[in-house]
Amino acid sequence: MMTKRVREILGYYDSENPGVRTNLARFLNHGRLAGTGRLVILPVDQGFEHGPARSFAVNPPAYNPHYHFELARDAGCNGYAAPLGFLEAGAAEYPGELPLILKLNNHDVLLDERDPMPAVTGSVKDALRLGCAAVGFTIYPGSTARQQMYQQLQEIAAEAKEHGLAVVVWSYPRGSALSKEGETALDVVAYAAQIAAQLGANIVKVKLPSAHLEQPEARKVYETARVALEPLSARVAHVMQSCFDGRRILIFSGGAKEEDKALLDEVKAIRAGGGYGSIIGRNSFQRPKPDAITLLSRIMEIYAS
Amino acid sequence: MMTKRVREILGYYDSENPGVRTNLARFLNHGRLAGTGRLVILPVDQGFEHGPARSFAVNPPAYNPHYHFELARDAGCNGYAAPLGFLEAGAAEYPGELPLILKLNNHDVLLDERDPMPAVTGSVKDALRLGCAAVGFTIYPGSTARQQMYQQLQEIAAEAKEHGLAVVVWSYPRGSALSKEGETALDVVAYAAQIAAQLGANIVKVKLPSAHLEQPEARKVYETARVALEPLSARVAHVMQSCFDGRRILIFSGGAKEEDKALLDEVKAIRAGGGYGSIIGRNSFQRPKPDAITLLSRIMEIYAS
Amino acid sequence: MMTKRVREILGYYDSENPGVRTNLARFLNHGRLAGTGRLVILPVDQGFEHGPARSFAVNPPAYNPHYHFELARDAGCNGYAAPLGFLEAGAAEYPGELPLILKLNNHDVLLDERDPMPAVTGSVKDALRLGCAAVGFTIYPGSTARQQMYQQLQEIAAEAKEHGLAVVVWSYPRGSALSKEGETALDVVAYAAQIAAQLGANIVKVKLPSAHLEQPEARKVYETARVALEPLSARVAHVMQSCFDGRRILIFSGGAKEEDKALLDEVKAIRAGGGYGSIIGRNSFQRPKPDAITLLSRIMEIYAS
Amino acid sequence: MMTKRVREILGYYDSENPGVRTNLARFLNHGRLAGTGRLVILPVDQGFEHGPARSFAVNPPAYNPHYHFELARDAGCNGYAAPLGFLEAGAAEYPGELPLILKLNNHDVLLDERDPMPAVTGSVKDALRLGCAAVGFTIYPGSTARQQMYQQLQEIAAEAKEHGLAVVVWSYPRGSALSKEGETALDVVAYAAQIAAQLGANIVKVKLPSAHLEQPEARKVYETARVALEPLSARVAHVMQSCFDGRRILIFSGGAKEEDKALLDEVKAIRAGGGYGSIIGRNSFQRPKPDAITLLSRIMEIYAS
Amino acid sequence: MMTKRVREILGYYDSENPGVRTNLARFLNHGRLAGTGRLVILPVDQGFEHGPARSFAVNPPAYNPHYHFELARDAGCNGYAAPLGFLEAGAAEYPGELPLILKLNNHDVLLDERDPMPAVTGSVKDALRLGCAAVGFTIYPGSTARQQMYQQLQEIAAEAKEHGLAVVVWSYPRGSALSKEGETALDVVAYAAQIAAQLGANIVKVKLPSAHLEQPEARKVYETARVALEPLSARVAHVMQSCFDGRRILIFSGGAKEEDKALLDEVKAIRAGGGYGSIIGRNSFQRPKPDAITLLSRIMEIYAS
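Taken in order, these protein sequences are the chains called H, X, A, L and Y.
No gaps in the numbering here: position 3 of the first sequence is 902 in the numbering used here, and each next residue is one more.
No gaps in the numbering here: position 23 of the second sequence is 922 in the numbering used here, and each next residue is one more.
No gaps in the numbering here: position 146 of the third sequence is 1045 in the numbering used here, and each next residue is one more.
No gaps in the numbering here: position 84 of the fourth sequence is 983 in the numbering used here, and each next residue is one more.
No gaps in the numbering here: position 10 of the fifth sequence is 909 in the numbering used here, and each next residue is one more.
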């Protein structure tokens, strides 16, 4: 039976067909956070994005693609996201065990450009034959190649929705227009969330914003309008606002492995700021499975509380 | 977590892509019989097949398409099957609440031919945009128009599977080649199950067979090979055998409204004969909802025992 | 501003995209009945269906295609429906003056078969380039050619909805399976409404039902379930019920020119039975325009009251 | 009933099919200026173009996509224009409440090139399924990337018109060929209006021109021919002239938030110069809704007078 | 290493692309007869063609689709042919264990017409995704529906070869033009082999011919030219001659279960007449597996000698 909160969230997607809404409901009604309107998703694209040893050497069982299906399932995540190969290597063995997201573009760092452009590495048809509930796509606002990414996303999102799949967008500002610090600046992250939502994303993923402000024109507005920069929960709330006033599912990533205490504090801030949840990659699969499940449980407890 | 029995059943579908297996798993893991390897499905195509008053006048709330979504959900059925209009009238309001089957062909009796040919009334794309887990298709072995149905099914099944949807086939012998009694004759029903499975059906639905034998050549074999005609559970077992030795999900329909006692005895025979379950239409929606839920609960208890 | 009733009706179409809902809203919010949830539509396909003289000789200005655009507009109808030629001959001159329905199939009586099969005479693309809000399609349940019509409708409806157009279905039982009296029998009309709705029609049009019951199996049910056959409003209510319990817009046609008194009494019965409105063709354009407007005004007054 | 002026304007579009004319009529016959031949349109693409905080922080309710549908509707605007995400987030809830324009390309300023190239972020199919009356497209004459934009527009406009949608072009000179002052120079704005009209735009939007003249060759002609540079209404009249002598709907944008007095004076000048109207974005949604409605009312009063 | 005989046979197919030749080589180089230029193939389509009990009741393990993969593999057959469902139910479990033939059309006898027309029940795409080496197709020369079969075969064969699959044609004269005895008449069987070869079959399968001559015009020629009617090996040689003088692989079926002695004598005659081999269905799977393997071994010994 659907909870009031899940029904409310699905109501934000009234323009989508029942297929998209069904798949959004699958994420919202799966795992330990089922029905709460909160989500914790396991993403494992680092093997492609950063290379296998940087991703898995610290916890060698994670080299095995089955490991991640089981980690996501056993931890009670709402979904699992990965590139084509990882999903092909397990979708048949774990059919319907949790909602899957096929990441349709990926970028490696054997050549790491200042203005990166990911390659399209899968298709909507792949997502359908693998039984996925959604497709995922990364855009890099701030890159000189961003138009091409936006246009690829426009075509993929239209095809995905027509076939009833939800669309998840990783919106990660990067590129020659931005300082390193600027990639997680509050104004830039908020802008990145807005762009993803305007491009038709059903679920948006951004990095947690810092209190830095990157763009001079934006800085003026933030100061004039007295947009709160502290604490973190206020920044989360601002990014939520920037993502259609909370009418699009917005989740935050924790980035590289860090102290659990810091991570859990971030989760508390996301919850306090009204965020929908977290996407926890390296912080979960780069430690032994029991530890990862313990950490994910603590995160889910915070969201469920 | 997937039960051993569900995993075993999914193993029968190793040639299907993970999408099809995911959707089969959705049926097997939903509702009160989740994980048991048994299924009870609610089909409501009688409004089209027999007309609205013959279908719903005895229980007027059933005129409302929402009624059936709620009946199937509240009774804990594994799935709900209906034609395009009924699904369009509720799929957006009950997204992901239970696995749906879009029946892609239908036949009305304003003109009731000796050799009936249903009309194709929906498409694989409709099933995808409505968030269905499967498409359904009826064939009438014994009708002079059967080749056309088989070929329509061949094309629809290929397209459905390519998009990760499961294929459910209603295999109902009818037509000028068969006597009325022959439509449910053991040899004919077993043959109909075989044909559906050979056509690539993932789930096969047939009527419960009588002890009658229709075809002279078949009768000889049944006598020579001493195929048991009694009790009903033996006939169920024979039809299971004829459906790839139980390696395809085979469910039985109860037909028109009958005494509950008789219906429950049939269910016991299906269970004893190793059948996968029942599709219960008129016997459930042609009585008040509480009574229907009571009956369906008793049926599920038998299967779960 | 949308009335509560219009919002309620549009809610029945939650599975449709915003384009279809926009065009349904156009009908519901246009003309003298705007906002009431009732509709009076002018259809003029009789020139094709019955021939020009039988249609227009009694009121010669009606030979002119502009006449009907103006009649529908000036009378405050919710919409105007006609075949390709009539719309092409006026759509450019009356752009956006009222919602148009392009009738995509038509049948002439130069050859009047027992089992008629209309020809497809226009396309969804025609409807779009002519600025229509909907396409119309006629089916003849009871005709041996009905499967072909259902399948044509299935394809046309899918294409129309994908392009944001609403789908109006004329469901007129005819053919060798039915007696002349049976074409308007209560059981048959209710069945025809159900079939159109199951095929995905957004708006269904049927003839007013008589108290006759045509099919023996249906007659039994009507008697057992004590479905009221009198007065006319009870029959209207039964057909509404049969059309997804009123969750699809269902309108009634008045047929050939008759006494105004009788016609207005019929309208009162439609209103009392909860019907959505009327489609008034020959009764309006086969009399002088001022008289037609007077009659249509009186009809609209009844619906608005 | 269509006014003489609207009929006259529609007459300028005799080469377009009735669908395009119907949708143009929808804009001309909607809202407080219905029938006057004048238009005030609400555009909200700044969330994408300038970022959310710069757009909405000053009036936080404007973060919510529903806000703009209601502002445009309640103020009696002729239409509302926005990118895909904003329309998807409301089209289903406000079906048919006012004519919508889907902006099919957008540009963000996380990277702000000297020669900007917007990304295509939506499609004609999106516009149809969302129930839009028009598509919008931005070109930057003066950018080295302009040919690509013109060619994208050519294809999109052809497809849109074939499907009965009107085409609105934002023609904003920008790029390495122009000085900052030159972007609003009279000769440049007039040229930009001409280019948009030549590319087949049905509605053209430009910025209000200054009295500056950018291009030397043009300056000579303006001086020789004594084209009036003052007052503003004369410049408006010249741009109208340059836009097919007023035979294309041409509206002007007000740019960033400014003093109401100055804005209203501009509107008076547009009216005096024969302009069709205004597109008022930031000046309306960057203030509290009641104030915005007051301002828009005063603007509409000027146009209606 | 390829034998000289296999190389010679493959040389007959020089016009086929390397893909088709590769798949023909797979049959010729697989199993106990690998390299001999002889073939014994297991076909199991009787479940569809005659019904499950008539096919499998005498040896119940044969109801299980896996049984046949294992029988064909363990007996050392050159290939295994079956309809879609049987291959789907095992292709994933026995990948590459022996060359597979997907039978693309099938006929059931729930309705057994005088002029039968099989239904197309699979596609070239199905054969590719199931890893088959060939497609199979049945034609009934002598049936009034034969043109339709020939045309279906033409399209399927072209598509199959384009994708590198070999084409196997079952050419079984049947229909209102032939007496029962005529179906296996020497002139008719020879003619059927010729038709299949002319239609582009790579492998032709016919029934063993009797000494009967069916067609008066043919009989005259047979008598004039003194074509030998006895012994059986002479008839085999004549059919080989009629099948492009042995330049197409031609194999013979044994029909219903008969005495082993008779069957082995037939095999000897096929060998003596220069035939390529046998297709042994019911005679193998309608007895216990060890017995079947014994029989198939004796047959292969004859061919290998």
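Among these hints, one or two may not hold up.
Given that identical chains are not distinguished, each listed pair holds provided it fits within a single copy or across any two copies.
[Unchecked claim] Quick list of in silico lysine-lysine cross-link-like pairs, DSBU-like style, CA-CA up to 35 Å: (1) Lys1024 x Lys1167; (2) Lys1119 x Lys1188; (3) Lys903 x Lys1079; (4) Lys1024 x Lys1119; (5) Lys1188 x Lys1106; (6) Lys1160 x Lys1188; (7) Lys1188 x Lys1079; (8) Lys903 x Lys1119; (9) Lys1079 x Lys1160; (10) Lys1167 x Lys903; (11) Lys1024 x Lys1160; (12) Lys1188 x Lys903.
Everything labelled a hint here was simulated from the structure, so no lab data went into it.
Results for each hint:
1. Neither within a single protomer nor between protomers do lysine 1024 and lysine 1167 lie at most 35 Å apart by alpha-carbon distance, with minima of 38 Å and 41 Å respectively.
2. Taking the shortest alpha-carbon separations for lysine 1119 and lysine 1188, only the inter-copy value of 23 Å comes in at or below 35 Å, while the best intra-copy value is 47 Å.
3. In the homo-oligomer, the alpha carbons of lysine 903 and lysine 1079 never lie at most 35 Å apart, since the shortest distance is 41 Å inside one protomer and 51 Å across protomers.
4. Taking the shortest Cα distances, lysine 1024 and lysine 1119 never come within 35 Å of each other, neither inside one copy (46 Å) nor across copies (39 Å).
5. Taking the closest pair of Cα atoms, lysine 1188 and lysine 1106 come within 35 Å of each other both inside a single copy (24 Å) and across two copies (33 Å).
6. Taking the closest pair of Cα atoms, lysine 1160 and lysine 1188 come within 35 Å of each other only inside a single copy of the chain (18 Å); across copies the shortest separation is 44 Å, beyond that limit.
7. Taking the shortest Cα distances, lysine 1188 and lysine 1079 sit within 35 Å of each other inside one copy (32 Å), while across copies they are farther apart (38 Å).
8. In this homomeric assembly, lysine 903 and lysine 1119 never come within 35 Å of each other (Cα to Cα): the closest approach is 40 Å inside a single copy and 44 Å across copies.
9. Taking the shortest Cα distances, lysine 1079 and lysine 1160 sit within 35 Å of each other inside one copy (25 Å), while across copies they are farther apart (43 Å).
10. Taking the shortest alpha-carbon separations for lysine 1167 and lysine 903, only the intra-copy value of 23 Å comes in at or below 35 Å, while the best inter-copy value is 39 Å.
11. For a Cα distance limit of 35 Å, the shortest separation of lysine 1024 from lysine 1160 qualifies neither inside one copy, at 41 Å, nor across copies, at 48 Å.
12. Proximity of lysine 1188 and lysine 903 under a CA criterion of 35 Å is satisfied in both settings, with 33 Å inside one chain copy and 23 Å between copies.
Hint compliance for this structure: hints 1, 3, 4, 8 and 11 are broken, all remaining hints hold.
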